[in-house]
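*Asks:* Listed below, chain by chain, are the residues.
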Amino acid sequence: MSQASSPTVPVVASKNQKNRGGETLENPKFIPNHSGRRMREYAFRAVIVSATLAALFILIVLTVNVFKQGLPWLDQQFLTSFPSRFPERAGIKSAIWGSVWLGGFTLLFSVFFGVGAALYLEELAPKNRINRILEVNISTLAGVPSIIYGMLGLTLFVRIMAFERSVLAGGLTLSLLIMPVIIIATREALKCVPDDIRLGAAALGATKWQAVRDHVLPAAMPGVLTGIILAMARAVGEAAPLIMIGALSYVAFVPESAFDAFTALPIQIFNWTSRPKEEFHALAAAGIIVLLGFLLVCNSIAILLRLKWKDHRR
Amino acid sequence: MSSEYVLETKDLSLSYGDNQVVNNVSVGFKEKAVTALIGPSGCGKSTLLRTFNRMNDFIDVFSHSGEVLFRGKDIYNSPLDVTDFRRNVGMVFQKPNPFSSSIKKNITWGPKINGYQGDFDELVETSLKKASLWNEVKDKLNSSGLDLSGGQQQRLCIARAIAMDPSVILMDEPCSALDPQSTAAIEKLITELQENYTIIIVTHNMQQAARISEDTAFMYEGDLVEVGETSQLFSSPEHKLTQDYIGGRFG
Ligand SMILES: Nc1ncnc2c1ncn2[C@@H]1O[C@H](COP(=O)(O)OP(=O)(O)O)[C@@H](O)[C@H]1O
Ligand SMILES: [Mg+2]
Chain A
207 MSQASSPTVP VVASKNQKNR GGETLENPKF IPNHSGRRMR EYAFRAVIVS ATLAALFILI
267 VLTVNVFKQG LPWLDQQFLT SFPSRFPERA GIKSAIWGSV WLGGFTLLFS VFFGVGAALY
327 LEELAPKNRI NRILEVNIST LAGVPSIIYG MLGLTLFVRI MAFERSVLAG GLTLSLLIMP
387 VIIIATREAL KCVPDDIRLG AAALGATKWQ AVRDHVLPAA MPGVLTGIIL AMARAVGEAA
447 PLIMIGALSY VAFVPESAFD AFTALPIQIF NWTSRPKEEF HALAAAGIIV LLGFLLVCNS
507 IAILLRLKWK DHRR
Chain B
3 MSSEYVLETK DLSLSYGDNQ VVNNVSVGFK EKAVTALIGP SGCGKSTLLR TFNRMNDFID
63 VFSHSGEVLF RGKDIYNSPL DVTDFRRNVG MVFQKPNPFS SSIKKNITWG PKINGYQGDF
123 DELVETSLKK ASLWNEVKDK LNSSGLDLSG GQQQRLCIAR AIAMDPSVIL MDEPCSALDP
183 QSTAAIEKLI TELQENYTII IVTHNMQQAA RISEDTAFMY EGDLVEVGET SQLFSSPEHK
243 LTQDYIGGRF G
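As you go down the protein sequences, you meet chains A and B in turn. Using the working numbering, the first residue of the first sequence is number 207, and each one after it goes up by one. Using the working numbering, the first residue of the second sequence is number 3, and each one after it goes up by one.
Isolated chain A (complex conformation) (with noise of 0.2 angstroms):
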């Protein structure tokens, strides 16, 4: 108080910006200490940049990697053939429409029963303690390996259920794989909903599953895409557990129904790294490409979507 009042010298805002000596101005309760925060500053700027261009560059070696391998590889012939012992003769048909048929039944099933199970964890179930210990446990066995999952497919969906080695109990096992994560993040999003559109719509005589279905679910559509697109993602490159299931790696047909056998892209990779012939890893690489490839387009639909998605609600 009486310091303000004193006279003291009107200080300009720009000579106050130069100071960086850190001595005080005007005011002697604060010590700004502006040369030791800047410093902080500039070391923290240092860290966290030099970790995102440590990241990228391991990806760029890999991805040019892979693509000076695999490029000359990836033609016509080898996007429609199928395996074969003579790499110039070999290609990913089989793998290809394997992962797409597998990656069909997982996106069905793990979204019905994922988006599914978090609505209703989230809006609908009582908030007890039962309740309570099923979302810790989900989120547990987002953690467990995928192996593990590949044991429990093989022994649900092949053995007891009699699906066999086929795309279905494939695609049904990838489902269980992925469906925690789909679960823990269409909660998030949905808890990022503000409660004022559940009270809004209530108030207008809705029901719980209305309110969910037109308001909640639509407001949350953005973050439970990008929970599918992370998991489906992940179920795309996923080997180990369709190898525990059984999955072929080398099938010179295409499935045409749910109880064909299959490979997949993955399984195919994986076949060819581990083969002792040099072309065979030039062919593993065009395939990791190709892979690549299929996970774009993957999410370039999700994107697409959710944009939709916007303007639809219009």
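Honestly, I wouldn't trust all of these hints.
[What the hints assert, rightly or not] Chain B is nowhere near these chain A residues, computed Cβ spacing over 12 angstroms in every case:
1) 245
2) 275
3) 278
4) 284
5) 339
6) 344
7) 348
8) 358
9) 370
10) 406
11) 413
12) 446
13) 465
14) 510
[As the list claims (entries may be wrong)] Pair by pair, the computed Cβ-Cβ distance ranges are:
15) 190(B) <-> 236(A): 43 to 53 angstroms
16) 400(A) <-> 83(B): 37 to 47 angstroms
17) 96(B) <-> 240(A): 39 to 49 angstroms
18) 225(B) <-> 337(A): 32 to 42 angstroms
19) 242(A) <-> 249(B): 29 to 39 angstroms
20) 394(A) <-> 13(B): 19 to 29 angstroms
21) 507(A) <-> 140(B): 36 to 46 angstroms
By construction, these hints were calculated from the structure, which means they are not laboratory data. Beta carbons: idealized from backbone N, C-alpha and C, even for Gly.
Place chain B with the ligands on chain A using the hints.
*Replies:* Positioned in the frame of chain A, the structure of chain B with the ligands alone reads:
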């Protein structure tokens, strides 16, 4: 006696867990009139208001004793469908909360899910007109409700409530998030609406209560201290507490 009131409470006590926040309140609300609920923050106004359309049902720890009568029927104990009942009692919230869909869908959604049989375009127009919003939005009915200003959003929420053809409209500090101009617009609207609707409005603004309400109920720490005609209550309050509160000595 009960026919005089649309809505009435008898010995109503409301609790969150072990914490009773409204104590033995008996009060009636006249048909086609504005009743203001005033009182210092935390005295239980919102809690009381939310029992009138059973919005407290969403709070797990909430419990009540006593009766809330809507046209003579206890809304907590008669075998009525809560969602059906809520259609009769509209609510406008403190913070405008339009749906993130178009202005038109904001209006039609409630009637649609409740099986409205009339013409929806007509409903949109009449509801918006009743909420004094039609002229401002008639050319952009398909743009998002969230693109409107705060005051317009709140009027949209009122229109949305009106579209359900309720007999009672509850408002919980509907102007507290608005600028003076929008507040004036809403106040004017409320005085227009009282010709057709029973309005119960919670407000912390005593001038507002004095301006727009016919009756006023003053609450203090969960008790209903005094209720009566607004002019009466403001000019010659019976209780010292009321006098102190409207005299600005606390709250
Ligand atoms: N959801 C809730 N859970 C527990 N206590 C609550 C809840 N809502 C309000 N309360 C308590 O009830 C009392 C009355 O609150 P409220 O009805 O919101 O008062 P007002 O609207 O008059 O400011 C306050 O003490 C508040 O802390
Ligand atoms: Mg309140």
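*Asks:* Indicate, hint by hint, whether the structure satisfies it.
*Replies:* For each hint, the structure was consulted:
1. 245: 43 angstroms, holds
2. 275: 48 angstroms, holds
3. 278: 50 angstroms, holds
4. 284: Since the minimum Cβ distance to chain B is about 47 angstroms, residue 284(A) lies beyond 12 angstroms and the statement holds.
5. 339: Holds, because the least Cβ-Cβ distance between residue 339(A) and chain B comes to about 18 angstroms, which exceeds 12 angstroms.
6. 344: 22 angstroms, holds
7. 348: Given a closest Cβ separation of 28 angstroms, the condition holds.
8. 358: 35 angstroms, holds
9. 370: With a cut-off of 12 angstroms, residue 370(A) remains clear of chain B, as the shortest Cβ separation is near 46 angstroms.
10. 406: 4 angstroms, violated
11. 413: 6 angstroms, violated
12. 446: Per Cβ check, residue 446(A) is outside 12 angstroms of chain B; nearest 42 angstroms; holds.
13. 465: It holds; residue 465(A) is separated from chain B by about 42 angstroms at its closest Cβ, greater than 12 angstroms.
14. 510: Non-interface label on residue 510(A) holds, nearest chain B Cβ at 20 angstroms vs cutoff 12 angstroms.
15. 190(B) <-> 236(A): 43 to 53 angstroms: 50 angstroms, holds
16. 400(A) <-> 83(B): 37 to 47 angstroms: 26 angstroms, violated
17. 96(B) <-> 240(A): 39 to 49 angstroms: This hint holds: roughly 43 angstroms between Cβ atoms.
18. 225(B) <-> 337(A): 32 to 42 angstroms: Between residue 225(B) and residue 337(A), where Cβ atoms are some 38 angstroms apart, the hint holds.
19. 242(A) <-> 249(B): 29 to 39 angstroms: The hinted range 29 to 39 angstroms is violated for residue 242(A) and residue 249(B), with Cβ atoms some 54 angstroms apart.
20. 394(A) <-> 13(B): 19 to 29 angstroms: 44 angstroms, violated
21. 507(A) <-> 140(B): 36 to 46 angstroms: With a Cβ separation near 38 angstroms, residue 507(A) and residue 140(B) satisfy 36 to 46 angstroms, so the hint holds.
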